[in-house]
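The numbers in full-length UniProt numbering rise by one with no breaks, and the one at position 122 of the sequence shown is 122.
Hints may be right or wrong, so weigh each one.
Below, computed lysine-lysine pairings styled on DSS-like, alpha-carbon distance capped at 27 Å [said to hold, decoys possible]:
| hint | residue 1 | residue 2 |
| --- | --- | --- |
| 1 | K123 | K248 |
| 2 | K123 | K62 |
| 3 | K231 | K82 |
| 4 | K82 | K226 |
| 5 | K82 | K3 |
Read the hints as simulated data drawn from the structure, not as lab findings. These numbers come from a predicted model, not from an experiment.
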Amino acid sequence: MCKACNYTIHGAQHHFGWDNSLAPVLRAEPGSTILFHCNDSSAGQLGPSSTVADIAALDFGKINPVSGPVYIEGAMPGDAVKITIESFAPREMAGVGFGWTANIPGFGLLADQFPDPALKVWKYDTRTMEPALWDTNARVPLKPFAGTIGNALAEAGLHSVVPPRRVGGNLDIRDLNAGVTLYLPVEVAGALFSVGDTHAAQGDGEVCGTAIESPMDVVLTLDLVKGANLKTPRFTTPGPVTRHLDAKGYEVTTGIGPDLMSAARDAVSAMVDLLSAQRGMAAVDAYMLVSTCGDLRISEIVDMPNWVVSFYFPRCVFE
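All chains should be built: construct the whole structure from the sequences, respecting the hints.
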C-alpha cells in the first residue's frame with residue numbers, strides 16, 4: 001500500500017510488447033507518484049507449486065508483461081522521463097515471498113550446453129528480506145528491481161518486449177533499485193511508460209536468462225526533463241551498489257580472446273565447472289544459481305587482439 005501515491009496501475013492493466021498505438025491506462029501529470037502492481041515475467045504461468053514440466057508448457061506470447069502504459073502529460077519527442085524509483089514490495093503467495101529461476105531451452109548465454117529445462121522455486125521472507133535459500137548451503141542476498149522499464153518506440157507496430165532498446169525496455173540492470181533516478185528518452189507524445197518483470201535478485205548479465213523472477217508492487221515518481229535529447233537511458237545511484245554481496249569476497253573466473261561474447265561464455269562456463277567441482281552441484285543448478293548473484297565484468301578491452309571478461313561469484317552465498 002502506498003499512502004502517498006496519486007494513482008494505482010493494477011496487475012490486469014498490462015501488455016506484452018511495445019506499441020505506440022496502445023491506449024494508455026492512465027494520463028498523469030509530471031511529478032505524479034504511481035503504484036504499479038507488476039506480474040512476474042511468466043505472467044503468473046509459474047507459481048509456488050510449479051514443476052519443471054511447466055517450463056515446457058510456457059506460453060512465450062505471455063512473457064514479460066509490463067504494467068501500463070502511462071501517458072505523461074506534456075511529454076514530447078526529445079524530452080526525457082525522469083523516474084525516481086521509490087520502493088519495491090514483493091507480494092506474498094501462500095504467506096511467503098515467491099520467485100522462480102529457470103533454465104529455458106534455447107535461451108541463455110550457455111544455451112548450447114544446457115538444452116534441458118530446469119526450475120528452482122524460491123521462498124523468502126518479505127518482511128526481513130533475508131537472503132533466499134537455494135538449499136541448506138547456499139543463500140542469495142536479495143536486491144529487488146524491475147527488469148523491464150521503458151517508453152514506447154517511435155516506430156509503428158508491435159515490438160517484442162524481450163530485447164532492450166534505446167528507450168529502455170528489458171534492460172535487466174540490477175542496480176535500478178530503490179533510491180535510483182533513471183532517465184529514459186521520449187519518442188512519442190505522452191511517452192507511454194510501462195514497467196514490469198520484477199526480480200528479487202539478479203547477477204550482472206542474468207546469464208541463464210532468468211533471475212529470481214518475483215511479482216512485486218513498485219512505486220515510481222514520473223517527471224519530465226524537457227529537451228533532454230538523450231540517445232539512450234542513463235541513471236544515478238544514491239550510493240554503493242554491491243554491499244549486499246561484497247562482505248566475503250569473490251571467486252573469479254575469466255574468459256580471454258578476441259570476441260567478448262565468447263570470452264563471456266568461457267568465463268561463465270568456467271565458474272559453473274568450479275562450483276560443480278567445489279560444491280558437488282549439478283552443472284545446471286550451478287548455472288541457474290550464478291545467474292541470480294554472479295557478475296560478468298569486462299576487465300580489459302584495449303590490449304588487442306585479446307580482451308578479458310571476468311565472472312565474479314560472491315563467496316557470501318556459501319559462507
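The hints, checked one at a time:
About 24 Å separates the Cα atoms of K123 and K248, which keeps this hinted pair within 27 Å; it holds. As the CA atoms of K123 and K62 are separated by approximately 23 Å, the hinted pair is consistent with the 27 Å bound. A threshold of 27 Å between alpha carbons decides the hint, and for K231 with K82 the separation of about 14 Å falls inside it, so the pair holds. Under the criterion of a C-alpha separation no larger than 27 Å, the hint pairing K82 with K226 is consistent with the structure, at around 10 Å.
For the hint pairing K82 with K3, the CA-to-CA distance comes to about 21 Å; that is within 27 Å, so the pair holds.
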